[in-house]
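Student: Chains C and E, in that order, are what the protein sequence lines are. With my numbering, the residue at position 393 of the first sequence is 393, and numbering never jumps. With my numbering, the residue at position 91 of the second sequence is 91, and numbering never jumps.
These are computed hints drawn from the structure, not numbers from a lab. Please note that a few of the clues may not be correct.
Said to hold, decoys possible - Footprint (simulated), chain C over chain E, 3 or more residues, beta carbon under 8 Å:
#: 1; segment: 39 to 46
#: 2; segment: 51 to 63
#: 3; segment: 177 to 185
What the hints assert, rightly or not - One side only, chain E facing chain C, incomplete, derived with CB under 7 Å:
#: 4; residue: Ser66
#: 5; residue: Thr67
#: 6; residue: Asn70
Glycine included, every Cβ here is placed at the ideal spot set by N, Cα and C.
For reference, the chains in residue letters:
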Amino acid sequence: MALLQISEPGFSTAPHQHRLAVGIDLGTTNSLVATVRNSISVVLSDEHGRSMLPSVVRYATDGSVTVGEPAQALQSDDPVNTIVSVKRFMGRGLADVGDTSRLPYRFVEATEPGGMVQLRTVAGIKSPVEISAEILKVLRVRAESSLGGELIGAVITVPAYFDDAQRQATKDAAKLAGLNVLRLLNEPTAAAIAYGLDNAAEGVYAVYDLGGGTFDISILRLSRGVFEVLAANGDSALGGDDFDQRIHCWLLEKNQLSALNPKDTRLLLTLARTAKEQLTEHDQTRITAVLSTGELIDNVLTAAEFQALSQNLIQRTLQPLRRALRDAKLSVADVKGVVMVGGATRMPQVQLAVGEFFGQTPLTNLDPDKVVALGAAMQANLLAGNRTGDDWLLLDVIPLSLGLETMGGLAEKIIPRNSTIPTARAQEFTTYKDGQTAMSLHVVQGERELVSDCRSLARFELRGIPAMVAGAARIRVTFQVDADGLLNVAAREMGCGVEASIVVKPSYGLSDAEITRMLQESTQHAQDDMVARALREQETEANQLLEAVQHALQIDGELLDPAQCALIESHMAVLRDALISGGQQEIKRAVLALNEATVSFAQARMDKSVSRALAGMNISDLETK
Amino acid sequence: MRREFSGLTASFDHAKNHFQLFGIEQTFHVDTAQLEDLFRALQAQVHPDRSAHLTDAEQRIAMQRSTLVNEAYQTLKSPIRRARYLLLLQGVDTQEETNTAMPFDFLMAQMEWREAVSDAARARDVEALEQLEATMKVNTRELETQLAVKIDDEHDYEFAAGLVRKLRFMEKLAEEINSAYDELDS
Numbered sequence: 001m002a003l004l005q006i007s008e009p010g011f012s013t014a015p016h017q018h019r020l021a022v023g024i025d026l027g028t029t030n031s032l033v034a035t036v037r038n039s040i041s042v043v044l045s046d047e048h049g050r051s052m053l054p055s056v057v058r059y060a061t062d063g064s065v066t067v068g069e070p071a072q073a074l075q076s077d078d079p080v081n082t083i084v085s086v087k088r089f090m091g092r093g094l095a096d097v098g099d100t101s102r103l104p105y106r107f108v109e110a111t112e113p114g115g116m117v118q119l120r121t122v123a124g125i126k127s128p129v130e131i132s133a134e135i136l137k138v139l140r141v142r143a144e145s146s147l148g149g150e151l152i153g154a155v156i157t158v159p160a161y162f163d164d165a166q167r168q169a170t171k172d173a174a175k176l177a178g179l180n181v182l183r184l185l186n187e188p189t190a191a192a193i194a195y196g197l198d199n200a201a202e203g204v205y206a207v208y209d210l211g212g213g214t215f216d217i218s219i220l221r222l223s224r225g226v227f228e229v230l231a232a233n234g235d236s237a238l239g240g241d242d243f244d245q246r247i248h249c250w251l252l253e254k255n256q257l258s259a260l261n262p263k264d265t266r267l268l269l270t271l272a273r274t275a276k277e278q279l280t281e282h283d284q285t286r287i288t289a290v291l292s293t294g295e296l297i298d299n300v301l302t303a304a305e306f307q308a309l310s311q312n313l314i315q316r317t318l319q320p321l322r323r324a325l326r327d328a329k330l331s332v333a334d335v336k337g338v339v340m341v342g343g344a345t346r347m348p349q350v351q352l353a354v355g356e357f358f359g360q361t362p363l364t365n366l367d368p369d370k371v372v373a374l375g376a377a378m379q380a381n382l383l384a385g386n387r388t389g390d391d392w393l394l395l396d397v398i399p400l401s402l403g404l405e406t407m408g409g410l411a412e413k414i415i416p417r418n419s420t421i422p423t424a425r426a427q428e429f430t431t432y433k434d435g436q437t438a439m440s441l442h443v444v445q446g447e448r449e450l451v452s453d454c455r456s457l458a459r460f461e462l463r464g465i466p467a468m469v470a471g472a473a474r475i476r477v478t479f480q481v482d483a484d485g486l487l488n489v490a491a492r493e494m495g496c497g498v499e500a501s502i503v504v505k506p507s508y509g510l511s512d513a514e515i516t517r518m519l520q521e522s523t524q525h526a527q528d529d530m531v532a533r534a535l536r537e538q539e540t541e542a543n544q545l546l547e548a549v550q551h552a553l554q555i556d557g558e559l560l561d562p563a564q565c566a567l568i569e570s571h572m573a574v575l576r577d578a579l580i581s582g583g584q585q586e587i588k589r590a591v592l593a594l595n596e597a598t599v600s601f602a603q604a605r606m607d608k609s610v611s612r613a614l615a616g617m618n619i620s621d622l623e624t625k
Numbered sequence: 001m002r003r004e005f006s007g008l009t010a011s012f013d014h015a016k017n018h019f020q021l022f023g024i025e026q027t028f029h030v031d032t033a034q035l036e037d038l039f040r041a042l043q044a045q046v047h048p049d050r051s052a053h054l055t056d057a058e059q060r061i062a063m064q065r066s067t068l069v070n071e072a073y074q075t076l077k078s079p080i081r082r083a084r085y086l087l088l089l090q091g092v093d094t095q096e097e098t099n100t101a102m103p104f105d106f107l108m109a110q111m112e113w114r115e116a117v118s119d120a121a122r123a124r125d126v127e128a129l130e131q132l133e134a135t136m137k138v139n140t141r142e143l144e145t146q147l148a149v150k151i152d153d154e155h156d157y158e159f160a161a162g163l164v165r166k167l168r169f170m171e172k173l174a175e176e177i178n179s180a181y182d183e184l185d186s
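Sequences and hints are given; from them, build the entire structure.
Tutor: Below, the structure written as structure tokens:
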């Protein structure tokens, strides 16, 4: 299908012509497509009446591709060519995938450094973007045959905690599937739209979204048709799967089992999931199985036991919740309603804990599996231009701070988390060496102070900076985050207006675990960060001083007698040693000492410059000293 | 591949300052409820979601306009940013990075507060933190009240710049209290 050029300026479509648009929830476990028909948002089913499409893609030897339940059925027979949970690899490098031996796939390093991980299948090497596109294609075909026409566009949902690389990968997958992306929409925000519009809700609402593999919390203010996200937070490595794991571990312990083969592991995990679901309705459940060793499993798990097993998982969701409230500058009492999203919120202990936290019963009167797709469909209908009059406005935020690497490996925050998008921020940087004509910039995402603790998003080079004295060039870097939450970077030298040509090379995508780790550590290590930052700053200062003194010695060394020269050099040696082995205080002392030792040398150099200028030397020569 | 970007070039009311963009008086005193309403009304017109079905060029312009409205709103909403911006419009630099000449008692109070915050964090004393936060808020509000008088009534911009420098200290203190809360969470 050709991408539609939708409307030329001045050319408006006929007022009553309905434009076909859909909302797609591209989930880790299941995916859905929904649309607005006769003013009502509905999920579209396949020919068997199934609305949820398992996010599983299988490649066969003959090159054919199966998606959904038929692929899922062959998961254990052909694990290498049957890709499940591909969402986890979106925008990620091989290093992010972690222990590849625990996954049944054949991973391939990206063709260019900084690229996304790929998978080798019988049908060739496939990227996560291509695999996701297969899922999206099935949903597009389902929508087009159900609606009887080509789609004008789609709104695709992403976890609120998805970073730039993951968002871009999702958008690329949609394009590959022949979809015109009207907008990338955050999953909790989509749910808020569906809930808010159906209930004419006004006031502050929290959306608690616990999915199969991710947790998002969003705080929104709903007022007269405006959905304003005040803060988003989350834990992108926490979901329903972790609750299954807890039951699985409990089974191992109860039966004194150690390492199981993959087949038995899969069996017990499946039973764990069933048990979890059973306990939503019942006080206890019986788990029975025969392992491949012939060993018999027969245990009864009570709801109370399960609650105890999963207690700390639930506690882990409350921490992002408190942070989101604080970022929104609100307290629990300000929250009028709590919307529950994601299959995992069906667990009674989750509802109980959330209810206790907010001091009110959470709202569970919507289908937690479908509400995201339904909200996305409503937004798609709006963006396609089908509505008039009662349009609503959605104001969303960027979930993680964006910054640039500065000297000493520090991250300089440019756009703080929870800024309303679209947003732009400009920052000026300067050269630190005489005659420097190029500068490399490194864009990072995260809350920590050190670059190494943040997520690397992209690196690019500015070339053609006019040669000037250190500190004279002014390079203005502009970050623009669009309404999809995607970043654009521009840089310009302000003195002569050179627009640096920028090639942004995406770094490895950020892993879920990494975002979680970064966020958690950003608070745990606030103290360490300050110490580390002080050390880095001290090191930078020391290196600059050493370079400056070395440079001066080369040019004006003859101004010193051998003893003075030796003294300065010995202080330089002390400082170099301190840099290698010393702490911040030691470096600081050595810097002070070297400064002290070079006072008379600096004086002599200044005198020499002055006399040189008086002797009619070129003034510009003087300025570079 | 992607992301060739040439910078912000929209001509959308760029000649107007933030106050003019919102059509409100250029004073430190603002009606925050009115400001919020105006923000929403402006975004309702310029937000990229309004032009998602139009051409790329129109979408780009919408993004730039919406960005500007967000920027203006953030500036006008925050008392310290609003004061800084007002003084900038008057040609007065607040010198927050360079001017460190602060009254002795103010600096002493700051040091004491910061120590109290780190003590409270170490002792995991939420109540003490909440008390400090309340005190900090009262002091911040006092400074803002003074700013309104100095800027709107007396037009004493140099004095106001000094108040902005003090507010910056309070802002940093608030950040420290916030990260102390975060530490208590983890």
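Student: Honestly, which of those hints from before does the structure not fit?
Tutor: Failing hints: none at all.
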